[in-house]
Amino acid sequence: MMNQLQKNETYKRKIALRNTAIVVGCAVLLVLSFIISMNTGYTKLPPSDTLRTLFGGGTARENLILFDFRLPRIVVSILVGAGLALSGCIIQGITKNALADPGLLGINAGAGLMIILYVLFFGAHSFLSVFTLPFLALFGAGITAGIIYALAFKKGEGIAPLRLILTGVAVQAGLSSLTTVLVVKLADTQFDFVATWQAGSIWASNWKFVLALLPWLLLLIPYVLSKSRVLDVLNLGDDVAHSLGATVERERRGLLAASVALAASCVAVSGSISFVGLIAPHLARQLVGPRHRILLPICALTGAVLVSAADTIARVVAQPAGIPTGIMVAIIGAPYFLYLLAKSRY
Amino acid sequence: MMNLNSIATENLAVAYEDNLVVNGLNMQIPQGKITAIIGPNGCGKSTVLKTVGRILKPKNGMVYLNGDDIRRFTTKEVAQKMAILPQSPQAPAGLTVGELVAYGRFPYQRGLDKLKPEDNKIIAWALEVTKLTELETTAVDNLSGGQRQRVWIAMALAQQTDLILLDEPTTYLDLSYQLEVLELLYRLNREQGCTIVMVLHDLNLAARFADYMVAIRCGDIICHGAPEEIMTTKVLRETFRIDAKIITEPRTGRPTCISYDLIKENEPRPYMKEGAK
Numbered sequence: 013m014m015n016q017l018q019k020n021e022t023y024k025r026k027i028a029l030r031n032t033a034i035v036v037g038c039a040v041l042l043v044l045s046f047i048i049s050m051n052t053g054y055t056k057l058p059p060s061d062t063l064r065t066l067f068g069g070g071t072a073r074e075n076l077i078l079f080d081f082r083l084p085r086i087v088v089s090i091l092v093g094a095g096l097a098l099s100g101c102i103i104q105g106i107t108k109n110a111l112a113d114p115g116l117l118g119i120n121a122g123a124g125l126m127i128i129l130y131v132l133f134f135g136a137h138s139f140l141s142v143f144t145l146p147f148l149a150l151f152g153a154g155i156t157a158g159i160i161y162a163l164a165f166k167k168g169e170g171i172a173p174l175r176l177i178l179t180g181v182a183v184q185a186g187l188s189s190l191t192t193v194l195v196v197k198l199a200d201t202q203f204d205f206v207a208t209w210q211a212g213s214i215w216a217s218n219w220k221f222v223l224a225l226l227p228w229l230l231l232l233i234p235y236v237l238s239k240s241r242v243l244d245v246l247n248l249g250d251d252v253a254h255s256l257g258a259t260v261e262r263e264r265r266g267l268l269a270a271s272v273a274l275a276a277s278c279v280a281v282s283g284s285i286s287f288v289g290l291i292a293p294h295l296a297r298q299l300v301g302p303r304h305r306i307l308l309p310i311c312a313l314t315g316a317v318l319v320s321a322a323d324t325i326a327r328v329v330a331q332p333a334g335i336p337t338g339i340m341v342a343i344i345g346a347p348y349f350l351y352l353l354a355k356s357r358y
Numbered sequence: 027m028m029n030l031n032s033i034a035t036e037n038l039a040v041a042y043e044d045n046l047v048v049n050g051l052n053m054q055i056p057q058g059k060i061t062a063i064i065g066p067n068g069c070g071k072s073t074v075l076k077t078v079g080r081i082l083k084p085k086n087g088m089v090y091l092n093g094d095d096i097r098r099f100t101t102k103e104v105a106q107k108m109a110i111l112p113q114s115p116q117a118p119a120g121l122t123v124g125e126l127v128a129y130g131r132f133p134y135q136r137g138l139d140k141l142k143p144e145d146n147k148i149i150a151w152a153l154e155v156t157k158l159t160e161l162e163t164t165a166v167d168n169l170s171g172g173q174r175q176r177v178w179i180a181m182a183l184a185q186q187t188d189l190i191l192l193d194e195p196t197t198y199l200d201l202s203y204q205l206e207v208l209e210l211l212y213r214l215n216r217e218q219g220c221t222i223v224m225v226l227h228d229l230n231l232a233a234r235f236a237d238y239m240v241a242i243r244c245g246d247i248i249c250h251g252a253p254e255e256i257m258t259t260k261v262l263r264e265t266f267r268i269d270a271k272i273i274t275e276p277r278t279g280r281p282t283c284i285s286y287d288l289i290k291e292n293e294p295r296p297y298m299k300e301g302a303k
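Here the protein sequences come in this chain order: A and B.
Going by the working numbering, the letters in the first sequence line up with residues 13 to 358, in that order.
Going by the working numbering, the letters in the second sequence line up with residues 27 to 303, in that order.
Fair warning: there could be bad hints in the mix.
DSBU-like, lysine-lysine: derived pairs with alpha carbons at most 30 Å apart [unchecked claim]:
1) A/24 / B/147
2) B/157 / A/24
3) B/59 / A/108
4) B/83 / B/142
5) B/147 / A/167
Covered stretches of chain A (chain B as the covering partner; in silico rule of three or more C-beta atoms under 8 Å from a C-beta of chain B) [to be verified]:
6) 30-43
7) 243-249
8) 292-303
Facing chain B, a subset of chain A residues (Cβ under 8 Å, in silico) [claimed, not checked]:
9) 15
10) 18
11) 20
12) 23
13) 230
14) 232
15) 238
16) 254
Hint data in this document are derived by calculation from the structure and do not stem from the laboratory.
Because the structure is a prediction, the values reported are computed rather than measured.
Each residue gets a CB set at the ideal place from its N, CA and C atoms; glycine is no exception.
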């Protein structure tokens, strides 16, 4: 008996150690991708030059490339990756469905429609764009998520996860067709802007975008992390969550709202990158299992690595124009996802 | 455990949308006993259990926890007094036995709390009582059906409630696993003093393990009492519309239904012997 207890303790210590190693590993990967990303692009900056520039010894041209073009883009890709991954992780947790992602709650469709409407009325390069975009996207996504929630809500029962997903698919399809109708009406320059946005290109190569995104993340991520135990319990199904004393409907609404806000603010600056929210939680779950206290941070890290790596590759592969990051994420992600499905037991 | 938590209903009515499933139900669950709720499919057994466990809101009437309206407690307070396990709950893939049982401490934790030493002590106790210590580090997906059900019961135990409600704890289990689960519940009742309330569809298992039985049909209690009072031809005829033959099982001394037949007046039953009653 004592022997068994000791064995269990040893095992738990081993797991804790492994988790720490995974955190460190992910962080190292992120730093690596950061460094490589700084060095690559249309103009190659060797590591020594990058370092010199970072510490203030660069030429005007090097400063421009690093501080005004590359760094903000890298930072945005990291933030967006983390935000979208967390958003997906929350939605997968509360719907108990491994195929759910932020796109499912109409976030991309709603935000996209709003952005097209804005571009249609105010043009693609109006003065307020950068800071209004997150609000607009949030507004569009919020309304869409609200509609989906209201349609999926049944009195006395609340939200059944499956109904939420099916309603989401239907509403999203409707909005996408509406978007297509509107896209036809766009002028050429407007069309370029919208097409780039939809492909998920991190065109936000300036610090304003970082500033527009950062407050949202600083607000939402601590909230989500503080709810990790609630997410664990919701993951056991509504009835068990009730039995354990979670206020199921209220917590779900709060977490859904946080998830929508996270994804919408990310999507607003990065364009429609949908695959991260699906795949990063899967990756993270493979690495550390389903407990959210460790799953959420790892998920954010994996998302950040995924998008920043995809962005770097996207910039290198097709120079000088580059492939939109969203497409690159899908190119990397789709085969991996298929591999996961083939390997899984379901 | 000196002060056992008690539960009772008064004039309870539950509706799905506008369909009244249960109407005017008055029930007092005996403390420190095993109660089995029986009845035909769709008669409202699970509905009653979920309403008593405050998962469903009643349309009318009251559920009393320790003599007070259950709605006066916060849901976390209720979770410290009563646990309810739904039918065939699903654990997330990759979760270990120890981790799932640790979730039973949820009603006692706040914010970002980690498990305290006393939480770990209670988890270890719950694992030991359910004989799961050796499986603590195994993933729940890799267990047999009976072991899995034991894990969920251990989670309910970690909630430190002396009132455990279970909805069909033996569904989809093989015969030996059904006994494994029911014997565990019996032991919890006799050794730990837990009040157990369960919905069971197997009459003979219900009669064998329960101290008290409640027969429900169409949301109404037909009869309640000791197994000997419920397992009668008359009550089973009213509850299930069957013609049952009941004997006392010699090994347990409990009433057992050895055979039953649909009630069909004056219709030929070719599979019965001539002249059989």
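Status of the hints after comparison with the structure:
Taking the CA atoms of residue 24 of chain A and residue 147 of chain B, the gap is near 15 Å; set against the 30 Å cutoff, the hint holds. Distance restraint check for residue 157 of chain B and residue 24 of chain A: the Cα-Cα separation of roughly 19 Å lies within the 30 Å cut-off, and the hinted pair is therefore satisfied. Under the criterion of a C-alpha separation no larger than 30 Å, the hint pairing residue 59 of chain B with residue 108 of chain A is inconsistent with the structure, at around 35 Å. Taking the CA atoms of residue 83 of chain B and residue 142 of chain B, the gap is near 34 Å; set against the 30 Å cutoff, the hint is violated.
Restraint check for residue 147 of chain B and residue 167 of chain A: the C-alpha separation of about 41 Å exceeds 30 Å, so the hint is violated. Counting residues of the stretch 30-43 of chain A whose CB falls under 8 Å from any CB of chain B gives 0; the rule of at least 3 is not met. With 5 residues having a beta carbon nearer than 8 Å to a beta carbon of chain B, the stretch 243-249 of chain A meets the requirement of three or more and the stated coverage holds. With 4 residues having a beta carbon nearer than 8 Å to a beta carbon of chain B, the stretch 292-303 of chain A meets the requirement of three or more and the stated coverage holds.
Because the beta carbon of residue 15 of chain A sits about 10 Å from the nearest beta carbon in chain B, more than 8 Å, this interface hint is broken. Interface restraint check for residue 18 of chain A: the shortest CB-CB distance to chain B comes to about 11 Å, outside 8 Å, so the restraint is violated. Nearest Cβ of chain B to the Cβ of residue 20 of chain A: about 5 Å, under the 8 Å cut. The hint holds. At about 4 Å, the closest approach between the beta carbon of residue 23 of chain A and any beta carbon in chain B falls short of 8 Å, and the interface hint on this residue holds.
Nearest Cβ of chain B to the Cβ of residue 230 of chain A: about 17 Å, over the 8 Å cut. The hint is violated. Nearest Cβ of chain B to the Cβ of residue 232 of chain A: about 16 Å, over the 8 Å cut. The hint is violated. The beta carbon of residue 238 of chain A comes within 6 Å of a beta carbon in chain B, closer than 8 Å, and the hint placing it at the interface holds. At a threshold of 8 Å, the smallest CB-CB gap from residue 254 of chain A to chain B is about 5 Å, leaving the interface hint in force.
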